Each structure stands twice: as structure tokens, then as C-alpha cells.
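**Student:** Use these hints to put chain G onto chain L, whose structure you have.
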Amino acid sequence: METITIVLNGKEISGRSGMTILELAREAGVEIPTLCHSPHVAPFGACRVCLVEDEARHALVASCVTPIAPGMTIRTDSPLVLETRRTVVELLLSSHPEACVLCDKGNACALRALAADLGIGDIDMDRIRRFSEIETANAFIERDLTKCIMCGLCVRACQEIQVIGAIDFAGRGFNARPATPFDMPLDKAACEYCGTCVTLCPVGALSEKTRQYRGTGLEQTPTVCSFCGSGCSIMLQTRDNRVMSVEPNEENSVNGASLCVRGHYGHDYIHNPERLTVPLIKENGSFKQASWDAALDLIAHRLTQIREQSGPDSIAVFGSFRCTNEENYLIQKFARAAVGTNNVSSSARMSTSPNIVGLTKAFGYPGATGTIADIEKSGVILCLGANPHESHPLIAQKIKRAARFHGAKLLLADPRQSRMTPFAHLWLRPAPGTDIALVNAMLRVIMDENLYDKDFVRERVDGLDKLLECARRYPPAYAAKVTGIPEEQILEAARIFAGADAACIIYGSGITHYPNATYSVLAIANLAMATGNIGRPGVGVYPLVKENNGQGACDMGVLPDYLPGYRKVSDPEARADLEKLWGVAPPAGDGLTGVEIISQAAAGGIRAIMNVGANPVAVFADSTTMKKALESLDFFVALDIFPTPTTNLAHVVLPVACFAEKDGTFTSAERRIQRVRKAVDPPGQSRAEWQVLSDLCRRMGLPAEYKSPADIMAEIARAAPIYAGVSYARLERQTLHWPCENADHAGSPVLYEHAFPHRDRAQFMKVEYLVPDEETDMNFPFSLITRSHLYHFGSGARTMHSKQLKEMFPECFLEIGAEDAEGLAVADGQRVKIVSRAGSMELPARITPGLPRSVVFVPVSMSAAEVNSLFSTQLDVVTRTPNRKMCAVQIERM
Amino acid sequence: MPVQTAPEAPGISQQALREIIAGFPRDQSSLIPLLQQVQEECGYIPRDAVDSVAGALGLFPSQVFGVITFYSQFYTAPRGRNVVRVCRGTACHVRGGKKILQLIQNELGIQDGETTADFRFSLETVACLGACALSPVMVVNHSYYGKMNPKKIAAVLSQYASR
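Residue numbers (my numbering), protein chains in the order written: chain L, 1 to 894; chain G, 1 to 163.
By construction, these hints were calculated from the structure, which means they are not laboratory data.
This one's a predicted model, so the numbers in the text were calculated from it and none came from an experiment.
Glycine residues also receive a C-beta, built at the ideal position from the N, C-alpha and C atoms.
Keep in mind that the hints are not guaranteed to be accurate.
[Claimed, not checked] Cβ-to-Cβ under 8 Å is the rule here; a few derived chain L residues that face chain G:
hint: 1; residue: 168
hint: 2; residue: 181
hint: 3; residue: 422
hint: 4; residue: 706
[Stated by the list, open to error] Non-contacting residues of chain G with respect to chain L, defined by C-beta distances greater than 12 Å in every case (computed):
hint: 5; residue: 113
hint: 6; residue: 124
hint: 7; residue: 150
hint: 8; residue: 154
The following block holds chain L by itself, in its conformation from the complex (with noise of 0.2 Å):
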């Protein structure tokens, strides 16, 4: 890098080229103000408030836009500059309106910062009026274009950060305005929503509409959103023991300066009134206010007794990935040491599993292999069995970012049309399930033209004798069948994804809730493998965990066949380290999945649940029988935060403290571990539960002394090895991505740049493509399949109860193609009932662009408990997770 220097007021300093004038300044200490700068975005030279003086050339430049050069004499503050610099203010301030005391951004706007510290009051100059209606059509952004400085940041942060693009600047002189096309209000625009151009807004042209006039918050916590799986940090800022908005924050963040409109508008939850505050006990059927004392007594008291009269196995646990790392940590110990059962799961585990399977086969770990602002640097994404843009809008954005600005070629998988699909270089539409047989179908190509990657396979992937095998039984032309993709789009993509220097593959639920998602997971291995796509930054694969502690759930052992760190319940040594630890030894056989404990509690081999922050009636496949199986159980705890289709049905209810009042940590879909910390107190008599499993460990006879969770962050580095440099004290500092061998080392956020973990190789699997057991017929002609929904999230019970997300959306809907409503005389708006082989639902029909025929789409998360009623239990044939992806329909008029 060349390094220039410059004389800045008077004294020499250095910078590297290409840096401009105001970033050199900056790094310097010298302050110049700026009000259409922001680092998250390119340079845009608009408000000409960085003027600076350039004595060589006695000009005025923009500081944040001129790139420093050899012998530049630059000052900042020279009388000529100073003046200017007034001027251009005072002209701002002629057309903007002298509205300040009613103006929600308050003391925290930068035009009226700025006029004070040039100790601009009234100024003499004709004021330009400007009129334009106050937009609030939407529920979640106000605008008011007449306090607009054409800054041009919300346009950028649309454009450049979101890759949304829903506005930009239209008209000509003083018409020009940031602008949907046609000028449409925002909700018929295609704005999201995520209010990054409201973070950015430097004035009060753009405010959050629930925020108005009540004050901004006080104080300021960085946490972590409990959303999705990307793990964007956030800022709750609070007054008054309340969170009154969340910002991004930017610091150390996978997220900068941008969220989603769950992560920025949706956590209005936190203090919904329906929250639990008060434990309760059920007696005849109805529940009662009860103590924390005697609601935890009879917990142990009923848990100790089943366990004397039917063994400990007659026990399950729930863990929950709405739980810290800490807390999902506790409750594997409380499974495993209090009561001594295996019998933990979580619905992470549902969509998981096929991923630690799968991955930990191929390549050793059961994670992401890099992070997400790697995808940036990659080639060519292929994306499959996902819909990132609603699921996870943050590695959407990334993947719009690396398509649009860095020339990368998104190869999308996906039957229905969605915002992704502009950004495809190469859209392929597989028939739902099948895409297996697409990926075995690539990699059949590459192999037969030789276009694998020879060095990386024979230095470090065992094999390749497998992944031939499974390639031969996938002609082109036979995949072609199979999917309906056309073969020479399934060649061009082929070879586009073995000619990338760097190509990484995401994939979604779309993979991972298929009964045959370990098979497709192996498949997705075998492809990034055989074209050397591990082990560097820009490749891999990308499973998109969808929950915000997912993986960290899974990470800590809530999982009936893993201990803590994936080490496996049948290694001998993994349970003797742990014995140590605990004082109590782990018991031997793998315990039942989640599925396996409800078909068990329907049998009686399961006769008490105790049940941490799970939904099982909403999230599981099958609801009607979950909740006949979970009405027979003798004894059934759930801790929720919300009353739940699955908190009605049990014997003591406990209240608990949502992801803001208390501390911990987050593991996200990058194995990256960040510090969540209690910004309010939890309403009511409600407490973290890590307070209460400890409470209930020790009522059982386990010590479990911790005082805060920081203590038992020091035992999970004990009994983790990936955790094992964990610490909070490093957390203060930095993000850890695992593994983290000891205190020394940095983390890994990319896998795999050296060695495999097993025998310093990796494995090309056998993969089988299994035909869906969900096939339709002449009965049940539709295939159904789920989806995510940007504002909606999990099972509903929280975004559901947020306020804005609710008025957005309320309610469910089937989204249908038109030739198929037409076919079935069903209009926009009209209420249909599915009927599937296991169960039905009513819900308003919404005739949508893209979709192919025959294929319908419901968005989970609104009326999860009802969707998922129409699916049967069929497992997943490796790791014994429901399909809850697609099912077989009808669809009938009401």
C-alpha cells in the first residue's frame, strides 16, 4: 500500500492511498462535520458541509469525497472554510421548517447539532416554504419530506445497504425528492420496512412512528436480536425499566448499520401485557396463581416421585433455542445429572439435526464453514431450498450485495418467485424435494467434464470412489425429470459453479425439513468438496439455522444422542470428562428425539415433560396428536413467556424472562458467540431460567451454585471443546466464532483452512434420493409447502404479539397461482379450507405471481399450530426429524 502524506493545518501526516481527505482527518483526530457521510455507504459529496480549504490550489473541496494526494496543503478550518461552511448551513436551514420543538428527532439531530456548534441561531435570510403531506399510511415509518436535506443517505442505505432499492432521488431542482416510482406510499412501494434509512436519517425527515414524541431512550444496552438465525446486534434503548426502540449497533457487528423489520420494529413484544408474570398451578382444570416456592416444589417433588416409580427415562426435557446458550446448557444437565435421562431435544434439533449429521460426516463440524460477510467475497452463491430474503433478511442481503456490486452469479434454486429472484444469474425452478437430485445432477456433469477439482480432492477428501458412484446414477437428462429443470440449465450451472474461484452454497429449511434432508445436506458436502470450495473465505456451505440460538442449542448438548460440544452420548470418554465436571456421570444410551417423546407420551413410556421455552403443539409436525399426547402426560412443566397453545396444557406454568431481561450468550448461523445482556427487568414475578433450572437442580439434589452466568459460561468451557477459550471476559471485548481451542486462540471464523478435524480429511458420503412419501393423487392434488415470512417469525407467539408486526400482517394465508384459483373458481380475499391426509385449516386465499402450478405456499409462522396440523410424522430416514415442508392438499371453497 502506498502511503502519502499531506499537510493538514499546518502539520504532515500520513495515509494510504485511495483514502480520502475527511477518513484521514478523522483517523488524525481532526473533526469535520459531515452530514450526508456515513462509512456503511460510498461517498455521495452532496451536503457540502466538509468543504475544506486546498491552499495549493486556494480551492474548496468536498473532504469526503477527495482522495488525498502528494503535496496537498489542506485546511480545515481557515476563515474561508468556516464561512462557507455557515453559509451552507444557513441555506439548509432556510427551506427546512422551524419546527424543532415538535420534532422527534430532538436533540439527536445533526442539521441542529451542527447550527449550534457554528452558533447559528436566527437566521436573515427568506425562508423557502415547502409543503408536502406527512407520509403514515404504514405502521412503521413516518416521512416528512419538508425537513428533508437531500442527503441522500436513506436512498444509499435502500440502494446500497439493503439492496432494496424502493426509492431513490426523482424530479429536478427544488421538486427533487427521495421517491418511490410513482410516487406510491411506502407499503405499496417495495419497502421492507427494516428502517436502516431511519437510522441513517442525519434529521427528522424520517421517524418511526411509534416512537413519536415520547422521548427517546435514556440509557442503552447492546444485545443481541432473538430473531433469526444471523445474530445482528442490536442497541435497546431504555427509559424508565422499558425498551423504547432498538437501533443496530454497530459495533463489532455482523450488521452495521442495518436490521430487519422483525429485528428493528418487532421487539414491542417485550412488554406485551400478555406476558406470564405469575407461576401457576393447575387444579381441576384451571389454573391458579401460585409462589415460586410451591410451584418449584411440586416440580421437584412430582419429578423425583415419577422417576422412583418408572425409572428416569420416563422423563423428557425441552430446551428451546429462545434460551442462552447458558440456560440450554442447564437444561442438558438437568436432563442428564438431575433426573438422569437422555430424553432432551428441542425443535432446533427438528431443524438441525440433518446438518450435524451431515456435516460433521462430510467435513467434521456441525456448522457454517465461514461467515456471513465472507459471501460477499464469493463468485457464485448457489442458493437451494431457501428463502433468505424473508428468513434471514441479513444474508439476503449479502448474497443481493455480492450479485449486484461485486459481479457475483446467484444460481437459485427455488420453485416460487420471490425478491431473490431478480438478483439470479440463473433462476432454476425444481419441483419441490427434489433438489438432490439437481445437486447429484451437477456434480455428474462436473465430474464427466473433468472439471473437479483435482489437487484439493486427492490432498484432502477421502472417497471420491462414493461420489462417483452416487454421480453415475444422475444423467442430466434424468435430473432434468425429476425436477423439471431444463438440462442445459442444470449444465450451465454446473459448469458456472465448477468455473468460480470462490462459490459457497446456502441453504434453508427448504433442504433441512424433507424427509430425505441428511441425504440432500450430504449431496450439498459432496458438491462444495469435489470443486475444492472449503476452507477459505467466499466458500463453503451456508446451512441457514433459523433461529437466533439454533445452533447454540445444539452447541450445548439439547440433543438426546450429543453431549455438550457434539461430543457423542456413546463416547465413553465424553461421558467420564463429563463425570467429572458433575460430579454426576451422563447415562450411557441415546435418549429419544422430540418426536419419539411425544409418540412415547402417547404410549405411556413418557409420563412427565418438562418442557424450557418449547412450542411443541405449534412447531411440530402433527399438532392434533401432540396434543393428545402431551393431555395424557401426568406431569407437564412449561416455562414460557407468552401463554401458548403448549403452556394451556400443562400442570405448572412458569413465567420467564425474554432475551432482554437477562444475561448470556447467542450462538448464530456462523458459529459466532455474542454476549446478550439484560437491559430491563423482567415483568412481573417472571425470572431468567437459568435462575430457576438452577433453583430446580439443587431442589433435586444437584448443586448447581452459579451467581450469574458468566459462572456457568466457565463450566461450559469445561465440558465443551469447542467453547473451551470461552470466556465472558473475552466476550466483553470481541465476538468468538468456534471452535475456541483455549484463552490464546482467536476463534475460527473460517473452517477448514488447514486440516479436517477427523484425520485431517474429509469424506465424500453415498447420498440416496428418496422419493417424498408426500405424493399427491387424484384426492389430494396440491402439494402444500411452508415457508418463512419477513414478519413473522417461529411459531408466532412472539412476533404475533407485536404490535406492529400484527397490524401488518394478522392473519395466515395460502398464497395460490391464478390459473389454479381460476381452475378452482376461488377469488383474491376468499376463504378456502385445506385439507390434507392428516388434518385441515381455513384461511383467505391470495391469488400470487410466480408460483408454479399445482404447488401452493402457506407462511408458517401466523397460525403455526394450524399448519402444522396438516402434516403427518414422517421422519427424516437418517436423523429421525419430521418432514414439515410439503404435504399433499385439497383445496375447497368455502
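**Tutor:** Relative to the frame of chain L, chain G by itself:
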């Protein structure tokens, strides 16, 4: 009984749009000539066309709208099949251009900037057509009509009455 239908606003079929787009390189530099061609075809830039053009060139619809609203040559509302431009420059004004405009407004029943209900005519004024020797002057579509007087107006307009 004959059914009265409202005259249809000029539009552009998806097919025609695809054909126009196919004639340009898929590159952001095609934007302005492409928009000009669309406007040539149907007199303005319909909303559908904004989405298609944006999609084809890898732009956001908002960016295309930004360009359309920046240049005065582009229109976002339907215009007449025939565009009448009356010169309001100095030379034409001195020789009665204002009166000519008034008479055309009366004849067509629309004001400056408006379009007749049957989409036959749109009326615009321009600051100078650069044909001062012919003042007062008007242009219909691409044809110039100079040394206008009240009698000639009806004759000129009637030439376009069936188009």
C-alpha cells in the same frame, strides 16, 4: 343498444415491450434510449414498462423513475396520439402567439399540459421552437406549421382528427 366504452388510454403490450428491450444491450447505458423508444411507441412511460425496463437492465424501478422525472422529455401519464406544441417565445408572442394558444385551447377544449378525453391530442407550450422566421409557429408531432392565423388552426388540427 350500442355499448359506450371509454376510449382506451394508449398502452404497450408486454410483447411489444419485450421486443423493444430485446433491441438494446442489457446495460445501464441503454436506459435513456430504451425509455425514448418506449415513449415513441405509446406516448409516455407506463408503470409496467418501468418495472420491465428496470428488471432487464439490473436497476431498481425507483432508479428508472428517478431518470424519467429528471428529464422533461419523459412523461408518466398517457398523452394524446398527436402532440401539439405551441411556441410562446418572444418572436411568436409579438406576432400573436398568445391568441393562437387561446384558440387552440378553445378548439381542443383542453388547457396547456392536458390531453383530450379521447387521447387524440395533447397540448403543450414551448419557450422557443427555433423557427422564429415562421412565427407564430406551432408543431404537431414532428411537422411544423408557420405563420399561423386563426383560420389555419382548424385546418391544421383537422388533418389529425382521424389519427
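**Student:** When you look at the beta carbon of residue 150/G, is every beta carbon of chain L farther off than 12 Å?
**Tutor:** Check passes; 36 Å lies beyond 12 Å.
**Student:** Take the shortest C-beta to C-beta distance between residue 168/L and chain G; is it under 8 Å?
**Tutor:** holds, 4 Å
**Student:** Under the criterion of a CB-CB separation shorter than 8 Å, is residue 706/L in contact with chain G as hinted?
**Tutor:** Violated: closest Cβ of chain G sits about 51 Å from residue 706/L, beyond 8 Å.
**Student:** Verify the interface restraint on residue 422/L: the C-beta must sit less than 8 Å from at least one C-beta of chain G.
**Tutor:** Holds, because the Cβ-Cβ distance from residue 422/L to chain G comes to roughly 6 Å (cut-off 8 Å).
**Student:** Check the non-interface label on residue 113/G: least C-beta distance to chain L beyond 12 Å or not.
**Tutor:** Residue 113/G is indeed farther than 12 Å from all Cβ atoms of chain L, at 15 Å.
**Student:** Are residue 181/L and chain G close enough, Cβ to Cβ, to be under 8 Å, as the hint says?
**Tutor:** holds, 4 Å
**Student:** So is residue 124/G really clear of chain L, every C-beta pair being over 12 Å apart?
**Tutor:** Per Cβ check, residue 124/G is outside 12 Å of chain L; nearest 18 Å; holds.
**Student:** Holds or violated: is the Cβ of residue 154/G farther than 12 Å from all Cβ atoms of chain L?
**Tutor:** The claim stands: residue 154/G keeps its Cβ more than 12 Å from every Cβ of chain L (closest is about 37 Å).
In this structure, the one hint that does not hold is number 4.
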